[in-house]
Amino acid sequence: MQPQLDRHLRFTLLSDMVLIRAFEDRISELSRERGRLPGMQITCHGQEAIAAGVVRAMIEQDVIVTNHRSHGHMLARGVDPKTLMAEIMGKRDGLNRGKSGTLHLADPGRNVLMTSTVVGAAPLLGMGAAFAQNYRQEQAATCVFFGDGAAAEGSVHEAMNMAAVWKLPVLFVCESNRWAGAQGHDEHCPIERVADRAPGYAMPGVVVDGNDVEAVYIAAHRLLEACRAGKGPAFLECLTYRMHGHGEMDVQHYVDKDELAAWDKRDPIELYIEVLQTEGLLDSRDAVEQQAVQTVDAAVAFADASPYPPPEEALEHIYVQPIGQEG
Amino acid sequence: MTVKSVGQAIAEALSLALEMDEGVFLAGEGIGTSININPHLPTHQLLERFGARRVRDTPVSEAAIAGLAVGASCMGLKPVVEIMYFPFFTLASDMIINHAAKLRYLSGGLSSFPLTVRIKSGLFSAGCQHSHYLESWLTHVPGLKVVYPSNPADAKGLLLSAVFDPDPVVIIEEMPLYWSIHDEVPEGDVRVPLGQARLARQGRDVTLVTYGGAVHVALQAADVLAEEGIALEVIDLRSLLPLDTATVLASVRKTGRFVTLHDATRFCGFGAELVATVAEACHGELKAPPRRVAAPDIPVPFTPPQEDFYRPSAETVAATVRELVRTS
Chain A
1 MQPQLDRHLR
11 FTLLSDMVLI
21 RAFEDRISEL
31 SRERGRLPGM
41 QITCHGQEAI
51 AAGVVRAMIE
61 QDVIVTNHRS
71 HGHMLARGVD
81 PKTLMAEIMG
91 KRDGLNRGKS
101 GTLHLADPGR
111 NVLMTSTVVG
121 AAPLLGMGAA
131 FAQNYRQEQA
141 ATCVFFGDGA
151 AAEGSVHEAM
161 NMAAVWKLPV
171 LFVCESNRWA
181 GAQGHDEHCP
191 IERVADRAPG
201 YAMPGVVVDG
211 NDVEAVYIAA
221 HRLLEACRAG
231 KGPAFLECLT
241 YRMHGHGEMD
251 VQHYVDKDEL
261 AAWDKRDPIE
271 LYIEVLQTEG
281 LLDSRDAVEQ
291 QAVQTVDAAV
301 AFADASPYPP
311 PEEALEHIYV
321 QPIGQEG
Chain F
1 MTVKSVGQAI
11 AEALSLALEM
21 DEGVFLAGEG
31 IGTSININPH
41 LPTHQLLERF
51 GARRVRDTPV
61 SEAAIAGLAV
71 GASCMGLKPV
81 VEIMYFPFFT
91 LASDMIINHA
101 AKLRYLSGGL
111 SSFPLTVRIK
121 SGLFSAGCQH
131 SHYLESWLTH
141 VPGLKVVYPS
151 NPADAKGLLL
161 SAVFDPDPVV
171 IIEEMPLYWS
181 IHDEVPEGDV
191 RVPLGQARLA
201 RQGRDVTLVT
211 YGGAVHVALQ
221 AADVLAEEGI
231 ALEVIDLRSL
241 LPLDTATVLA
251 SVRKTGRFVT
261 LHDATRFCGF
271 GAELVATVAE
281 ACHGELKAPP
291 RRVAAPDIPV
301 PFTPPQEDFY
311 RPSAETVAAT
321 VRELVRTS
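Quick note, the sequences are listed as chains A and F, same order. Residue 166 in the UniProt record's numbering sits at position 166 of the first sequence, with consecutive numbering throughout. Residue 144 in the UniProt record's numbering sits at position 144 of the second sequence, with consecutive numbering throughout.
No lab work stands behind these hints: they were computed from the structure. Keep in mind that a hint or two might mislead.
[To be verified] Some but not every residue of chain F turned toward chain A, in silico, with C-beta under 8 Å: (1) A64; (2) N98; (3) R104; (4) Y105; (5) L106; (6) V141; (7) G143; (8) P166; (9) P242.
[As the list claims (entries may be wrong)] Cβ-Cβ distance ranges computed for the label pairs, FRET-style: (10) P322/A x G76/F: 17 to 27 Å; (11) P38/A x S15/F: 44 to 54 Å; (12) H140/F x L281/A: 37 to 47 Å; (13) V165/A x S180/F: 32 to 42 Å; (14) E313/A x G76/F: 19 to 29 Å; (15) S15/F x V165/A: 18 to 28 Å; (16) Y308/A x H140/F: 24 to 34 Å; (17) E48/F x Y308/A: 49 to 59 Å; (18) D286/A x H140/F: 54 to 64 Å.
[What the hints assert, rightly or not] Take a look, some chain F residues computed to stay more than 10 Å from chain A by CB distance: (19) N38; (20) S180; (21) E273; (22) L286.
By construction, the Cβ of each residue, glycine as well, lies at the ideal position given by its N, Cα and C atoms.
With these hints in hand, go ahead and build the complete structure from the sequences.
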């Protein structure tokens, strides 16, 4: 059934994307201040339509397993931007008490189950989560996000194979952004469309314009419904482009400037604002953008005010039942 | 109490766990329909009893078996997966080492992974791609628990503890023990706590610490030595991580002499950790330097005389202990 894209949903998709962009723009800015954001920041600039489109197509019981570029998935899922920002800064009041930083974010309470930054590992975890949904006969599915670069890993094959043999409710979402580190698509992938592999696992492989948020939403909605209905796994490839590098320190010296500029003209947020304005649904973008900036300001203020956790807390959270306290 | 083989004891633990908790399921290659029919195999007839929902034969896909366990356990199930032969654990290791062991830590305690990995181990004339003792790889990973039973009662009791432990546990099963070792096993849900060693034989002269099938080799050596008037104390660790340091140190303080024994190769083997632990804690109380008995630093050979050469024997253990007593 074709989902209803009502006015409220369309504004939600827009405001999600605008919030993700504002949040990550601030991360880019902060990452240039030495010491403010420890480690490597990996963003989903240019891929916001996939995060918003897929995540808003999910129902509450659906589960997310994500990867390096997880901020968008988390924000669209409703994870608190304050604790998210505090976590990215490594602060005590962070979502994961400073143990994760940007790379391993998890919010199981919102069904953002796990993040793996071992490239290509997330699909195996998502397959396992979908097994649990199937085992309990829940009307729910798991969305696992990975890139076209990750699709070179054998783990992705194993996950797709087992999910298909057992008809598990998992949607493999390939965010094809054309890059794997500094290797372009043609250098890491022998076929143009990763989704062409899906029929080899007896699952549908759907390709959408990943910069068209409504197209992503509609495709994800349809495939997730099929997953929940017991039709087995599905593969959704969202064609997009990695606008920032593999980390904010990556100046993308290996990227063709004209190609980058061409994709910049297809910015998913600008495209959607144009659609909504053409249809007379959006007078001015200012209100939604101002609200996003205020949310991000509040998140940064919260994160700045939070202290670093004490070093000794590094000894905690290894086991549920710590060694030496058995039985 | 009933006399059972190690394999039957494990099967009983698996049956009990499946009966007691709907969240427990088994998965692995050939755990339901196996190419072998043998009543001493731990998953013999479990498919017939519990059905294909609870007992899942998987594709030949170790990373997926482990990924299944990690993903499903994070959702609150209690997976018990089998890796058919220790060397194949390398294919599953990313999921267990980088994910099961680390994601709780990285989540700041929000996630947990109550999974159990049963690894079939041992020497069976198949060469080093099917036989390789890798337990010290596993004990080097904070976030995992590693257990290693030597007899039927412990195999059952440790496995039950592993299945219901809230953290990821790897249990290493030596296949030859499945059918070669029979002993009494308590009925019902009787668990052996993780992290408690067992005094397998009391002695005053030398402490020998070991685990798994090597426990039986140590006991054979102890019989030989007893005839010569040397009383060997044998400690069966049962769990390598958590490690029962207290029991080991108390014994060493009593005897003043220390030997470790394992079937894994010597260099960076688990014995090295035990020797270091003992040396740090009781240097002044030792009558002689600690000794390690282990396999030579070679891959497991195929041909029977060489496979026997690989495995530390009771004679080697006895000779080492004799020398230790003589020189101190």
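### Task
Could you work out which earlier hints the structure fails to respect and list their numbers in ascending sequence?
When the structure is compared with the hints, numbers 6 and 12 turn out to be violated.
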